[in-house]
Every structure is written in C-alpha cells, then in structure tokens.
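Chains Z and U are the protein sequences, given in the same order.
Heads up: take any position in the first sequence, counting from 1, add 114, and you land on my numbering.
Heads up: take any position in the second sequence, counting from 1, add 114, and you land on my numbering.
Heads up, a few of these hints could be off.
Result set (DSBU-like, lysine-lysine): computed pairs, CA atoms no more than 35 angstroms apart in a straight line [stated by the list, open to error]: (1) Z:Lys224 with U:Lys433; (2) Z:Lys134 with U:Lys433; (3) Z:Lys395 with Z:Lys505; (4) Z:Lys134 with U:Lys224; (5) U:Lys134 with Z:Lys166; (6) Z:Lys134 with Z:Lys323; (7) Z:Lys433 with Z:Lys373.
Non-contacting residues of chain Z with respect to chain U, defined by C-beta distances greater than 10 angstroms in every case (computed) [what the hints assert, rightly or not]: (8) Lys134; (9) Glu142; (10) Ala168; (11) Glu170; (12) Arg178; (13) Leu180; (14) Ala198; (15) Thr201; (16) Asn348; (17) Val389; (18) Phe394; (19) Asp405; (20) Asp453; (21) Asp484; (22) Ser493; (23) Lys505.
These are calculated hints, taken from the structure and not from any lab test.
Positions of the beta carbon are idealized from the N, C-alpha and C atoms, including for glycine.
2 protein chains.
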Amino acid sequence: MALIVQKFGGTSVANPERIKNVASRVQEYRSRGDQVVVVVSAMSGVTDNLLKLAREIMPIPSDRELDMLLATGEQTTIALTAMALHTLGLGAVSLTGAQAGIVTDGVHTKAKIRNITPRQVHDLLDAGNVVIVAGFQGQTTDGHITTLGRGGSDLTAIAMASALHADLCQIYTDVDGVYTADPRIVANARKLDEISYDEMLELAGSGAKVMQSRSVEFAKKFGVIFEVRSSLNNNPGTLVKEETQSMEDVVIRGVSLDKNQAKVTLVAVPDKPGVAARIFKALADAAVNVDMIVQNVSHDSDSRATDLSFTMDKPDLPKATRVIDSLKPEIGFASAISDEDIAKLSIVGVGMRSHSGVAAKMFETLSSNDVNIEMISTSEIKISVVISLGKCETAMKAVHSAFLET
Amino acid sequence: MALIVQKFGGTSVANPERIKNVASRVQEYRSRGDQVVVVVSAMSGVTDNLLKLAREIMPIPSDRELDMLLATGEQTTIALTAMALHTLGLGAVSLTGAQAGIVTDGVHTKAKIRNITPRQVHDLLDAGNVVIVAGFQGQTTDGHITTLGRGGSDLTAIAMASALHADLCQIYTDVDGVYTADPRIVANARKLDEISYDEMLELAGSGAKVMQSRSVEFAKKFGVIFEVRSSLNNNPGTLVKEETQSMEDVVIRGVSLDKNQAKVTLVAVPDKPGVAARIFKALADAAVNVDMIVQNVSHDSDSRATDLSFTMDKPDLPKATRVIDSLKPEIGFASAISDEDIAKLSIVGVGMRSHSGVAAKMFETLSSNDVNIEMISTSEIKISVVISLGKCETAMKAVHSAFLET
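Isolated chain Z (complex conformation):
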C-alpha cells in the first residue's frame, strides 16, 4: 500500500467521458490498496472562456478578481471527478486549494506556495476516500483565493506530494514520458526511464514542452520523485529524481529544439562599461524575456567596439526592436540586425561534466552536416547553439544520431 498523488491536466479531463477514464485509472490504484490524491486542472477550454468573459468587461481585469474567476475552472473539475469516482463505487471527496490547506503569498495570478497543511486531506484519506484537490489554486492567510500561474497544477501535485510525504507523484500527460528528443522530429527518439532534476530543468528551459521549470525546481528543492507518464495507456513513464552515480555514465540525456526564438545582433557596440547593462535593463523593463546573450569580436576589429547578440521568444521581437531603436542615439551602435529564421538546438546531460570533447563532437557533427553555428552558449550540463531554422531538424537528427543512437 502506497500513498500516490496523481495529476491530470486539462486535456485529460476535457469532457465527462475523459473524466470517467481518469476515474477508472484511479480505481486501478485504489483496488490494489493504494491511497490516492488526485490533482486536476480546469477542463481544457474553460480557462480561455473565462478569460474571454472577463475581457468583455475589462481589457485588463484586476488580478484578485481574475483569480476569483479562474479558480472556478478547477473547482468544476474536482466536483465532476468526485462524481465519476462515486459511479465506480469509490468514496471520493473534492477539495478546493483553500480547503486542501494550500497557503500562498498574496501575489495574485502568480502566487507562490508558502506551506501546505494537509490535515483534512489526511483525515479524508484515512477514512477511505480518494481526495480530489483543485490544482493551480490556493489561498492567502487572509483567505483570498489565489492562482499559481502557468504550470500551477503540476506544482500543486508536487507540493502536495511533498507535504503528504507521498510515495510517488505521477504527472499524467499526453506523451509517454520524457524522450531523448521530440519523436515527431526524430524517429529514433527513445523514452527515458529516468532523468535528473537538473537535466529536466535544462530541457524545460530549452524548448522541451513537458513541464514548467518551477515545478521541477520545487521537486528538486524538496526531493519529490515524480513520474511523467501518459493518461492514454499503461506504459511506465519517466522518473524524475536526484542525479545518481550511474546517470553520469550517459554523456547526453537528450536533445531539444526551440523553433520559437528570434535573434537580434547589435553591430559595433562601443566597448565601454555599462553599455550591456543599459541594454538589458531596458529590455527587462519592457518585459522582453532574453534567453541567450553572446558578445562577439566586432566585424570592425580596428575600433574599440564589439558585436552583441541575444535571443528571445519570437513574439517578443517587435518589442525588442522598438527598445533597441530607442537606445540607438544614446549608445551609438552601428546597426541592429534582427533574424527570425533561427532555432536553438541544445544537448543536455549530467554526464558531460565527466566526459570531455562533448562540445567538439557536437560542433563537428553540425559542420559535417553543413550546419553553420551562429551563437554558442554553454552551461555545466547543457550546450546550446543557434542555427538557421531551415536546417534545424536535419541538425537535430544528426546530433541525436551521434550521441544517442549507438
């Protein structure tokens, strides 16, 4: 008998039929004697409909009232999920985030969990119930309803697993787990049995869409082992956990590709203190989320000037170019070149710490496939390159083949 937290996202509970499927899965675990806490998101589409209603009243609604509004989405799902479990003859009780004891700070629409007092959850479990908790939401110590922002339901599940000292936390999604690469692009991609928190974080930050970084960070901080698996079948998924010795034997865990990036290069930026700070402060103030930053030697090697390139999410490019244009008189660079036809290709693995020549092998693979590298950025367990969008899938296949198909 184990205590298991299971999280189901919006597509897994999109309609009554799917909610019944969720209930059947919970029943499997219950019938072997496990205690189960289910965390659910709003039915897919519901949150968007609520936002549409709100915007018909006010273009930018108050964050507190937006939370009050959006919290109804998950509250609807928990009630329906409890009913679906009842039809199977199981005891089941739904709880809102507040009722489940999830206390957050007061930053509406992106609140942080402060603590969880799962007394009522424990009591209900001990009385033989499945407990269904509304994901994505909590309340402040003053009793205001809050929501946790993007990826909030994953966070609820992992935080709840931590507070309950659960034996396992399962994140159900529409893929079988974490893959060595996106299987829609790389036919030979393999599902991973396990991956370390850090590798998962680097993948999340480089285009792999499995989970938001903050949930993984939370799991790492509190040592919550979780499994990413499919709600469509019974295949075992990928365990995400602390790095083990044996993980280092594998040089590269996975390859990820982010096609949603754009690049700006400032040519001949005067090479004097404070210039970079001025530029990136202005971009941050405009809420442009800058990813990679690389400072190159200037094309014009005579003057005391350098080239400066950075990437951001593609939709942020117009905002970024406006900011850059407005800075031109003050900073005095020669020109700004923006490029949307790029992609970021990354390889991730804790093993690269103890294996030399990883970068060389990656660059060589790209070169022998005629892929030009425009920018390079490295961390301890990740190497990212910016390449042309047109060649990015060829590049990804080649790199996957070189490192992961031995």
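Using the hints provided, position chain U relative to the given structure of chain Z.
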C-alpha cells in the same frame, strides 16, 4: 448615507453587457454616498449547464459534490461584477459565501443559514469598497461548501441585510414590484406600494412567482424590510414589511392564480379514523407536495363514507395516482378521479380579518360569472377556490374588478 443590500438574479447578470448595467446601478447609489453590498446569482443558464455536465457523469450526483459544482456559478458572477465596477472607477471586492461569513447547516443542496459573521464585509465597506457576495451559497462550520436551494440568492440578500443591520434590502427582478394581480392577465392590475410579510407569503404560496416563501419568512422573522423592484428601470418597487394599522383598511391586497395544479378526488372513502393519515403519509413518502385538502360529504349519503379531494402541482399527478392506486386494496374507496383541468384562484389581504362578507362577495362574483367552485380552502388572510382551468382567467378578472377596481 445608508447601507443598502442589492440583489440581482440570473437574468440581470446573464451576460457581460447586463453585468455592466448592474454596475451602473450600483454606481448611482455609491455616488450619493451609500455603502452597497451586492448579492448576485449565477448567470442565467450556467447552473443548468453545470447540472447537465454532472448528469452526464452520474444521474443522481452526490449532494456535497453538486454543491461544490454549483457554487462555481455564483463565484463566476461575483468576479465579473467586481471587474465591471472597477471599470467605473469604483473600489469593489468579491466574496464567496464562505468568505462573506455565511455559515449554514450541513444539509447539502438545501442548507439553512445558521449565522453570518460579516466582519470582512464590514471591513471592506469601511475601506470604501462595494462588496459583492455570491448568493445561494455558504459553508458549514467544517468548511464544506453548501448551497441554499431554490430562491437561495434572495435569502442570502435578506440574511446579509439582517446581519449587517442594513437600512434597506432591494431585490431586483424583471417586474416592477408586487401587483394586485398578474398584469399579463388582468389589464387593470396595479403595482402595490407596500405589502405585509404575511400577505406576501400567502401570495407566494398561491401562484404569484415573485419570491420563494422561505426568503419572506426569514425577512419576517428578523424584521428585514425589503423592496421588490425592477432592474430595467428606476421606478420605485413594492416595500415588503410588517403589517401596519393602515394596511387593514384595504380588504384585499391581491389576487393570485395558480394554473399548475391538479386535483384527485377519492370517492366514498370509509369514514374511519386513520384513513386520511394513511393516505397523506403515503403521498408525503412519495414526495408528492399536497396543497389543498378538502373532505366533502359523500355522494352516497347512506353509507359511512366521505369524499376526499386534494390538489398538488400538476407534474406530481402521475406519482400521486400511482400511490393512490396502490392504497386502494388497503383502504377500499370506491374510485379515484383525477382532474388536470383546474386552477386555484386566491384572494389575499390582512384586511379580511376585520371585514366580514369577503368570502360571500367572492363566491357571489364567481357565481354571477358562471364559474363553478369545486373546492374551497380558507386561512385567516386568504381564501382559495379551485375552479375549472377554462374559466380561470375570466374569474380572476371578475374578482379583481370586484375587490380592487373601485
């Protein structure tokens, strides 16, 4: 400066446009310095959609989970209403029933309000906010979400007005107030400036659809004066309050008609103790809501047997006849005659206590209009007759003319 509770039902908040209209009305009162608490229902149609979802999962869902589900309807409206007030530049904060301090018993789907601790409402009002409270809902002392059943939002408004010692409670609806008769039938019907709780109760119980009896009973018990008025215009409505001396000068306050009744007559029921008890116990067990009961002299005056007639809501007739048929062997009446083509016509007024001849005048009016009376039932301030459905509107007009068009 007054403290006013304003309640808006589902049709008044049916879409963003109407919610904005509600906000404009609230603004009128705020701008003259009043403190305003707004109680809202779910947007019309929302509750039905939620029930439909629930029934796709389970024909008869658990009451607790149904409350969890339905409570989202009002929660959606309060958030949107707060936003609409923000667009007008007003401070506004929404509260769920639980947050507003509404504590109920644990009878899910038809909970009774036990007490209200409106500390937070007071605090928010004192800070200059309009407070928007979700109608129809509360929570138990254990923190379970409950709903109050039919007419629950009216009850929330009246109970909140009582707890806050509000100066006035306004129930906004789609009619201008309480009329001497349904204006769709009686062209000369007049809106009443005031009516006593007891008269309002008798009208509610005899087909006038303005409000549920329980809200009026609550208002009477706690002496909450409320005004029924239209959300579509600025006309003053009808004040519902404790009976005053001057109210007795008016013999009849209003005439009401209930076309939704059916009648069953048991012919030649043995006239022995316990028979009526047996019959009405069986009907109650089958959840048939019996209204009028009249025991007549038997058609067959030789035997020790009587005729027994009772009325109920039309949709309950099949259930009632099943119950009656099953009792026939045990009780041994001669036959059962059911009749759907009836209506109940009532006249209501505290003045009839001190004016004699009211019944006689009513019967005479009916007789001179060729309307046969099938059953008669009287209370201290009401006389109801069952007549044929085909003649009921003629009868209503005649009675209204005789008593109310002088």
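Say whether it holds or is violated: Lys505 (chain Z) keeps its Cβ farther than 10 angstroms from all Cβ of chain U.
holds, 48 angstroms
Would the pair Lys224 (chain Z) and Lys433 (chain U) pass a check requiring their Cα atoms to be no farther apart than 35 angstroms?
Not OK: Lys224 (chain Z) and Lys433 (chain U) at ~54 angstroms, beyond 35 angstroms, violated.
If I take the minimum Cβ distance from Asp484 (chain Z) to any residue of chain U, is it greater than 10 angstroms?
holds, 55 angstroms
Over 10 angstroms from every CB of chain U: does Glu170 (chain Z) meet that, or does the non-interface label fail?
Non-interface label fails for Glu170 (chain Z): nearest chain U Cβ at 4 angstroms, not farther than 10 angstroms.
Assertion that Leu180 (chain Z) lies farther than 10 angstroms from chain U (Cβ):
violated, 7 angstroms
Does Ala198 (chain Z) sit more than 10 angstroms from chain U, CB to CB?
violated, 5 angstroms
Assertion that Asn348 (chain Z) lies outside the chain U interface [Cβ separation over 10 angstroms]:
holds, 23 angstroms
Keeping to a limit of 35 angstroms between CA atoms, is the pair of Lys134 (chain Z) and Lys433 (chain U) held or broken?
holds, 33 angstroms
Given the proposed pairing of Lys433 (chain Z) with Lys373 (chain Z), does the C-alpha separation stay at or below 35 angstroms?
holds, 19 angstroms
Would you check the hint for Lys134 (chain Z) and Lys224 (chain U), treating anything up to 35 angstroms between C-alpha atoms as holding?
Between Lys134 (chain Z) and Lys224 (chain U) the Cα gap is close to 27 angstroms, so the pair holds against 35 angstroms.
So is Phe394 (chain Z) really clear of chain U, every C-beta pair being over 10 angstroms apart?
Non-interface label stands for Phe394 (chain Z): nearest chain U Cβ at 34 angstroms, farther than 10 angstroms.
Holds or violated: Lys134 (chain Z) with Lys323 (chain Z), Cα cutoff 35 angstroms?
holds, 26 angstroms
Hint compliance for this structure: hints 1, 8, 10, 11, 12, 13, 14, 15 are not met, and every other hint is.
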